[in-house]
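Enquirer: Each chain, written out:
Number of protein chains: 2
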Amino acid sequence: MTAPASGARLARLRDALARADLDAILISSLSNTRYLTGFSGSNALLVVTAKDALLLTDFRYQTQVGEEVAAGITVRIEASSLWTGLWATLPSLSGVERIGFESAHVLHKDFQRLLEQGKRWQWRPSVDLVELLREQKDAEEVASIRRAIAIAETALGATVPRVAPGLTETEVAGLLERELRAAGSEAYPFASIIASGPRAALPHARASNRVLAVGDLVLIDFGAVCDGYCSDITRTFVLGKASDLQREIYEIVLEANQRASGALRVGLTGMAADLVARDYIHGRGFGESFGHSLGHGIGLDVHEGPRLAKTVEAPLRCGAVVTIEPGIYRPGWGGVRIEDDVLVTEAGPQVLTSFPRDLLELI
Amino acid sequence: MTAPASGARLARLRDALARADLDAILISSLSNTRYLTGFSGSNALLVVTAKDALLLTDFRYQTQVGEEVAAGITVRIEASSLWTGLWATLPSLSGVERIGFESAHVLHKDFQRLLEQGKRWQWRPSVDLVELLREQKDAEEVASIRRAIAIAETALGATVPRVAPGLTETEVAGLLERELRAAGSEAYPFASIIASGPRAALPHARASNRVLAVGDLVLIDFGAVCDGYCSDITRTFVLGKASDLQREIYEIVLEANQRASGALRVGLTGMAADLVARDYIHGRGFGESFGHSLGHGIGLDVHEGPRLAKTVEAPLRCGAVVTIEPGIYRPGWGGVRIEDDVLVTEAGPQVLTSFPRDLLELI
Numbered sequence: 168m169t170a171p172a173s174g175a176r177l178a179r180l181r182d183a184l185a186r187a188d189l190d191a192i193l194i195s196s197l198s199n200t201r202y203l204t205g206f207s208g209s210n211a212l213l214v215v216t217a218k219d220a221l222l223l224t225d226f227r228y229q230t231q232v233g234e235e236v237a238a239g240i241t242v243r244i245e246a247s248s249l250w251t252g253l254w255a256t257l258p259s260l261s262g263v264e265r266i267g268f269e270s271a272h273v274l275h276k277d278f279q280r281l282l283e284q285g286k287r288w289q290w291r292p293s294v295d296l297v298e299l300l301r302e303q304k305d306a307e308e309v310a311s312i313r314r315a316i317a318i319a320e321t322a323l324g325a326t327v328p329r330v331a332p333g334l335t336e337t338e339v340a341g342l343l344e345r346e347l348r349a350a351g352s353e354a355y356p357f358a359s360i361i362a363s364g365p366r367a368a369l370p371h372a373r374a375s376n377r378v379l380a381v382g383d384l385v386l387i388d389f390g391a392v393c394d395g396y397c398s399d400i401t402r403t404f405v406l407g408k409a410s411d412l413q414r415e416i417y418e419i420v421l422e423a424n425q426r427a428s429g430a431l432r433v434g435l436t437g438m439a440a441d442l443v444a445r446d447y448i449h450g451r452g453f454g455e456s457f458g459h460s461l462g463h464g465i466g467l468d469v470h471e472g473p474r475l476a477k478t479v480e481a482p483l484r485c486g487a488v489v490t491i492e493p494g495i496y497r498p499g500w501g502g503v504r505i506e507d508d509v510l511v512t513e514a515g516p517q518v519l520t521s522f523p524r525d526l527l528e529l530i
Numbered sequence: 168m169t170a171p172a173s174g175a176r177l178a179r180l181r182d183a184l185a186r187a188d189l190d191a192i193l194i195s196s197l198s199n200t201r202y203l204t205g206f207s208g209s210n211a212l213l214v215v216t217a218k219d220a221l222l223l224t225d226f227r228y229q230t231q232v233g234e235e236v237a238a239g240i241t242v243r244i245e246a247s248s249l250w251t252g253l254w255a256t257l258p259s260l261s262g263v264e265r266i267g268f269e270s271a272h273v274l275h276k277d278f279q280r281l282l283e284q285g286k287r288w289q290w291r292p293s294v295d296l297v298e299l300l301r302e303q304k305d306a307e308e309v310a311s312i313r314r315a316i317a318i319a320e321t322a323l324g325a326t327v328p329r330v331a332p333g334l335t336e337t338e339v340a341g342l343l344e345r346e347l348r349a350a351g352s353e354a355y356p357f358a359s360i361i362a363s364g365p366r367a368a369l370p371h372a373r374a375s376n377r378v379l380a381v382g383d384l385v386l387i388d389f390g391a392v393c394d395g396y397c398s399d400i401t402r403t404f405v406l407g408k409a410s411d412l413q414r415e416i417y418e419i420v421l422e423a424n425q426r427a428s429g430a431l432r433v434g435l436t437g438m439a440a441d442l443v444a445r446d447y448i449h450g451r452g453f454g455e456s457f458g459h460s461l462g463h464g465i466g467l468d469v470h471e472g473p474r475l476a477k478t479v480e481a482p483l484r485c486g487a488v489v490t491i492e493p494g495i496y497r498p499g500w501g502g503v504r505i506e507d508d509v510l511v512t513e514a515g516p517q518v519l520t521s522f523p524r525d526l527l528e529l530i
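Protein sequence lines correspond, in order, to chains A and B.
FYI, the numbering for the first sequence is 168 to 530, going by the numbering used here.
FYI, the numbering for the second sequence is 168 to 530, going by the numbering used here.
Take every hint as true, because none was put in to throw you off.
So, partial list: chain B residues that the calculated Cβ filter (under 10 Å) puts toward chain A:
#1 Phe226
#2 His272
#3 Val273
#4 Ala340
#5 Leu342
#6 Glu353
#7 Ser359
#8 His371
#9 Ala372
#10 Asn376
#11 Val392
To be clear, the hints were calculated from the coordinates, so they are not data collected in a lab.
Beta carbons: idealized from backbone N, C-alpha and C, even for Gly.
Build the full structure now, drawing on both the sequences and the hints.
Expert: This is the structure we're talking about:
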């Protein structure tokens, strides 16, 4: 991350702190820490006040902090626990009485530390303070997501011609992930889902030793990571010639995907977006078979805000990048899901994924 | 998992509940849930009482629970939030007043739910109740870890001859992960670390676009997953002929590794195990360069109990499987780490990893 981006993000957080009447916030979410400072390590606490930003981590990251952490952020390398370091450092931050903590990230056992060892301060539970900033991607973030999408689509394009009966799902995952690495993916944002035949009815099936066979639906849901940012894409293929029912269900899911992607607007609620796809699938007679929600934000986490789901009243904000992933699943038969990544702008939705969506009959 | 294994684990948990004077425990850790029930989904709450075991999950896992969940466990598929389902179901469990909750897994925001919506029960923070059971692996678990190790070693053996100057770290990761999948790994327990040249000084470096060059130390730290169980292994290679310092440091780390592996005994404290390696490295003049702890348990999580570290007074229990991973890191120069997986038995340590540990000069 560039230092200007870090500076702008810290400035937005400080505005939010002032509005929430907080003198400081203790950040324990590693993704939130990375967003604000650039630091990508696996152990960190971050305190941000109106003037200071203090990052605590451990020995393992001594060299890495120098490479990653933006200017203007003080780093402390702790020999023992980060909490010990926190209690040693907090008193030196002036003007700090009311401190927010991340209610959705702090574990009960660490909350007890605040109550017991941090008696000197007023601890206020805070929800989504940084997450809401992260919902509005800046240009640097959108560029990273675009690169993560390009990596994923390059890899999928190189893999699809090699998917054939006789391979196991795990072997297909291996082909795909090899191509992801060859295209430059830093990691895998989640365990690749390769679900074939009846297993395609399991929306979160990962890959198994099932052998692909002619007639199977093959659902591939995976992503790439670039600069820490994730892409998330699903395509469903048929091995051989599609049956009438496979084709019918595929077309319904595709139409639901297109309608929902096209409907995204700044100000549209997550609920309303979800309903666009859900009503269409329901009207075509498969309402019971779309059991998960329409989509979720992507960014430093592969699941982040905003959610597009039945119960979400929050409106979409400019700069949100969300998945649109309707599906139809029939236990014992299989399933179809088609997932794209969409940027919400003032000018309307921009579908960032471009891998073909026509039903592909492999072999 | 087999139903008998699930039954035996639930029985051990019920003994622990009785000793802790609890009528029930609410389990929110997904790994603990998998350990007890076999369910591998990503959304679950589990309640275990003296008589009942109740698993709550959502629509996405409707088919999967049928395949995975052991007999004797009641499953509820929740249409909305698992917490709503919990409050609807808990009153039906008889004789339940004092309920433990997992202090190290429950988030502050969910703890507030217990206080606000669960007033009817007495909630008692509980630490490591299931984790302590998991420290003592049963035969089924050790067999899974052995398979995960075999997969990792097969993959490493196929990759090492192809590691060469001109490849990027990410490309090496791609080769390795392709072999992991080909050998049957279900997933990657963590982002593979391929750290070359000066980057080998970063103990948690993952893989970057750095191009491997002659003279580099190349540190490869990765694992495989089988039946949900992880392996975790590190080897460090030299590209070309090792310098005197590279060889000296390698031999020190290897000796520390061997001494620590050989010292593991039932009853040895984590601190004492750590000191075996630490004292040796210190005595050889590199005490400042081994900044992390000696090792950690592996199982359903790639980091679990017991920890082998300076501050850990708990004794090793029979059936523990731990990593032994001393290292020496010099910023700007590079680093060496050699990591094995070791089973602690009444008869002494069994080193489960068998990949050669001699310094390998590639090309």
